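Residue numbers (full-length UniProt numbering), protein chains in the order written: chain A, 1 to 292; chain B, 1 to 266.
The reader is advised that the hints may include incorrect statements.
Unchecked claim - Simulated pairs of lysine to aspartate or glutamate, DMTMM-like, Cα-Cα distance not exceeding 25 Å: (1) B/LYS177 with B/ASP166; (2) A/LYS187 with B/ASP5; (3) B/LYS181 with B/ASP161; (4) B/LYS177 with A/ASP21; (5) B/LYS59 with B/ASP233; (6) B/LYS177 with B/ASP161.
Worth flagging that the hints you see were computed from the coordinates, not collected in a lab. None of these values were measured; they are calculated from a predicted model.
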Amino acid sequence: MTAAPNIIAGTPPTRCGLGFDRIALLAAPGLSFLALFYAIPLALLLFQSLRGPEGGFGIANYVSFFSEPFNIGVLMRTLRVALLTTLLSLIIAYPTAIAMNRARGVWLTVFLVAMVLPMSLGVVVKAFAWSILFRANGALNQIMQAIGLTDGPVRMLFTETALVIGAANVFLPFMVLPIYAVLQQQKASLADAAASLGAGPFFRFFHVALPLTLPGIVAGAAFVFSLSVSMYVIPSLIVGETQQNLPMLIARSFLYLRNEELGSTISAILLIIAIAVVLGSTWLAARLGAKE
Amino acid sequence: MTQTDRIFQTVSWIVGLATVAFLMLPILITVVVAFSASPVYTLPPPSWSLRWFADLQNKTGLVDAVLLSLNLAVVSTLVSLILGTAAAIAVARGQFSGRGAVATFVVSPLMMPGLVLGVAMLQFFRDIGLRDAYWSLLLAHVVITLPFVMRTLLAAMGSFDFSIIDAARTLGMNYPKSVAKVLIPNLAPAYLTGGLFAFLASMDNYPISIFLTDARNKTLPIKMLQYLEEQPDPSLAAMSTGLILLAVTVLVIGARTVGLNRMIQG
Numbered sequence: 001m002t003a004a005p006n007i008i009a010g011t012p013p014t015r016c017g018l019g020f021d022r023i024a025l026l027a028a029p030g031l032s033f034l035a036l037f038y039a040i041p042l043a044l045l046l047f048q049s050l051r052g053p054e055g056g057f058g059i060a061n062y063v064s065f066f067s068e069p070f071n072i073g074v075l076m077r078t079l080r081v082a083l084l085t086t087l088l089s090l091i092i093a094y095p096t097a098i099a100m101n102r103a104r105g106v107w108l109t110v111f112l113v114a115m116v117l118p119m120s121l122g123v124v125v126k127a128f129a130w131s132i133l134f135r136a137n138g139a140l141n142q143i144m145q146a147i148g149l150t151d152g153p154v155r156m157l158f159t160e161t162a163l164v165i166g167a168a169n170v171f172l173p174f175m176v177l178p179i180y181a182v183l184q185q186q187k188a189s190l191a192d193a194a195a196s197l198g199a200g201p202f203f204r205f206f207h208v209a210l211p212l213t214l215p216g217i218v219a220g221a222a223f224v225f226s227l228s229v230s231m232y233v234i235p236s237l238i239v240g241e242t243q244q245n246l247p248m249l250i251a252r253s254f255l256y257l258r259n260e261e262l263g264s265t266i267s268a269i270l271l272i273i274a275i276a277v278v279l280g281s282t283w284l285a286a287r288l289g290a291k292e
Numbered sequence: 001m002t003q004t005d006r007i008f009q010t011v012s013w014i015v016g017l018a019t020v021a022f023l024m025l026p027i028l029i030t031v032v033v034a035f036s037a038s039p040v041y042t043l044p045p046p047s048w049s050l051r052w053f054a055d056l057q058n059k060t061g062l063v064d065a066v067l068l069s070l071n072l073a074v075v076s077t078l079v080s081l082i083l084g085t086a087a088a089i090a091v092a093r094g095q096f097s098g099r100g101a102v103a104t105f106v107v108s109p110l111m112m113p114g115l116v117l118g119v120a121m122l123q124f125f126r127d128i129g130l131r132d133a134y135w136s137l138l139l140a141h142v143v144i145t146l147p148f149v150m151r152t153l154l155a156a157m158g159s160f161d162f163s164i165i166d167a168a169r170t171l172g173m174n175y176p177k178s179v180a181k182v183l184i185p186n187l188a189p190a191y192l193t194g195g196l197f198a199f200l201a202s203m204d205n206y207p208i209s210i211f212l213t214d215a216r217n218k219t220l221p222i223k224m225l226q227y228l229e230e231q232p233d234p235s236l237a238a239m240s241t242g243l244i245l246l247a248v249t250v251l252v253i254g255a256r257t258v259g260l261n262r263m264i265q266g
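Using the sequences plus the hints, can you model the full thing?
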């Protein structure tokens with residue numbers, strides 16, 4: 001690389017027209033890799049879903065997907081479970097992030113380990129551990145009966161509640177960490193200032209603390225929602241085939257039914273949901289950033 | 001501090017500690033089951049034994065899957081670190097329009113549904129005639145790991161003082177050498193963190209890999225799920241206990257060298 005020394009000669013880097021400079025070329029290998037093995041395959045998939053059975057373009061595949069009440073049910077269940085998982089995660093994560101932000105020394109270590117160590121347990125084993133807990137003769141049922149919460153064993157495995165709890169357990173760190181990161185940048189003096197000006201705790205929470213943490217909440221919620229919409233292993237082990245979601249339907253149409261058209265169409269729908277979440281959260285984050 | 005403030009604080013501590021217990025629960029169950037003598041998962045176990053650890057010797061399929069997953073995770077993480085370093089320098093230092101778009105694009109695979117990526121790659125690889133399962137998996141795993149690496153490297157380089165690089169170059173180093181000898185050692189925590197999360201994401205990927213495996217190349221999560229469906233006995237828990245132990249070791253080393261908080265926040 002004889003030309004290398006010229007690439008970055010001091011600050012600011014030299015520009016050569018069109019808003020382009022040579023250091024930008026360093027992004028080329030990574031970008032071309034992702035373009036080739038990530039963007040093009042996804043674009044082809046979307047393109048494929050617009051193909052009719054006899055060639056030609058149209059939304060025939062989508063029409064036939066949405067004309068099936070079963071499919072609508074699966075779509076609605078997927079969105080509902082994802083929404084509930086996101087809400088449950090947020091409710092648990094917000095106070096946790098606050099506690100974590102106040103924690104020092106050993107307690108901080110305890111929180112950090114709890115966030116990271118579960119990631120070393122694969123999602124397959126984690127979901128299986130939950131299915132053991134939720135069994136009719138499982139530990140959870142025994143505890144509930146022992147403390148007199150319930151009279152007999154309650155059916156928990158194969159319920160949506162169990163699925164939401166299991167999913168929130170796996171995705172929780174992705175909600176806690178962005179909120180924690182935002183809290184860390186916040187100055188405690190802001191709340192004190194508001195308090196010294198006579199603001200009550202509720203006013204301070206809703207008008208000072210909450211708006212400042214919104215970027216973290218948006219980032220965490222977008223992440224947990226997109227993870228929950230596309231989860232496959234967790235519902236397979238906790239609720240099974242009787243309550244399919246979109247990813248399970250995709251896997252089934254490809255791996256068992258060998259119906260590629262259906263599989264591609266559902267994949268495209270799931271992809272559109274994911275892209276909408278990314279764009280929506282980016283837009284929301286930009287708006288929140290602009291307000292400050 | 002008013003009474004309400006104190007209630008707020010107490011509640012956040014109670015929820016926080018409950019969350020810690022909630023997050024650690026699957027690990028606790030896995031470890032308990034691994035040392036249980038019973039082949040069905042009764043909790044608490046009737047008696048304790050090490051038989052499931054001894055049993056692992058006979059599970060050659062599992063060992064092969066561990067080796068394949070380790071291979072994919074190490075190679076794809078290394079490739080991502082190289083591609084990611086170059087791309088992150090371009091975003092941090094380049095003066096071109098669309099840097100924000102580039103940053104969003106390289107991190108976006110994180111938010112895409114895994115199964116959809118798997119389907120898209122399966123069809124694409126078939127179209128271009130790539131039939132080798134190992135290479136398909138490796139290319140896919142670079143797509144999986146690159147965003148994790150990019151996320152931490154972009155954040156770290158955003159606050160890195162690049163004039164140190166200029167100084168190194170004034171002293172006669174060429175650009176690649178100054179990156180290797182100055183930039184990377186200075187950003188070691190980010191490299192460790194990004195690399196670790198990328199590695200874990202690759203090890204744990206099920207939804208993309210399931211479309212790209214063949215009978216001979218099955219990654220660990222795929223083998224484990226198959227195993228659970230065919231003959232669910234606690235030897236999986238025993239193996240996971242081993243992997244947890246490995247993770248604890250890595251965390252202890254990370255905490256000693258980088259600091260846990262810095263490691264997690266990148």
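Do the hints match the structure? See the list:
Our distance criterion of 25 Å between C-alpha atoms is met by B/LYS177 and B/ASP166, whose separation comes to about 12 Å. For a cut-off of 25 Å, the pair hint linking A/LYS187 to B/ASP5 stands: about 17 Å separates their Cα positions. Our distance criterion of 25 Å between C-alpha atoms is met by B/LYS181 and B/ASP161, whose separation comes to about 15 Å. A distance of roughly 21 Å separates the Cα atoms of B/LYS177 and A/ASP21; the hinted pair therefore holds under the 25 Å criterion.
Proposed proximity of B/LYS59 and B/ASP233 is supported: the alpha carbons are some 12 Å apart, at most 25 Å. Taken as a hint, the B/LYS177 and B/ASP161 pair is honoured in the structure, with Cα atoms around 17 Å apart against an allowance of 25 Å.
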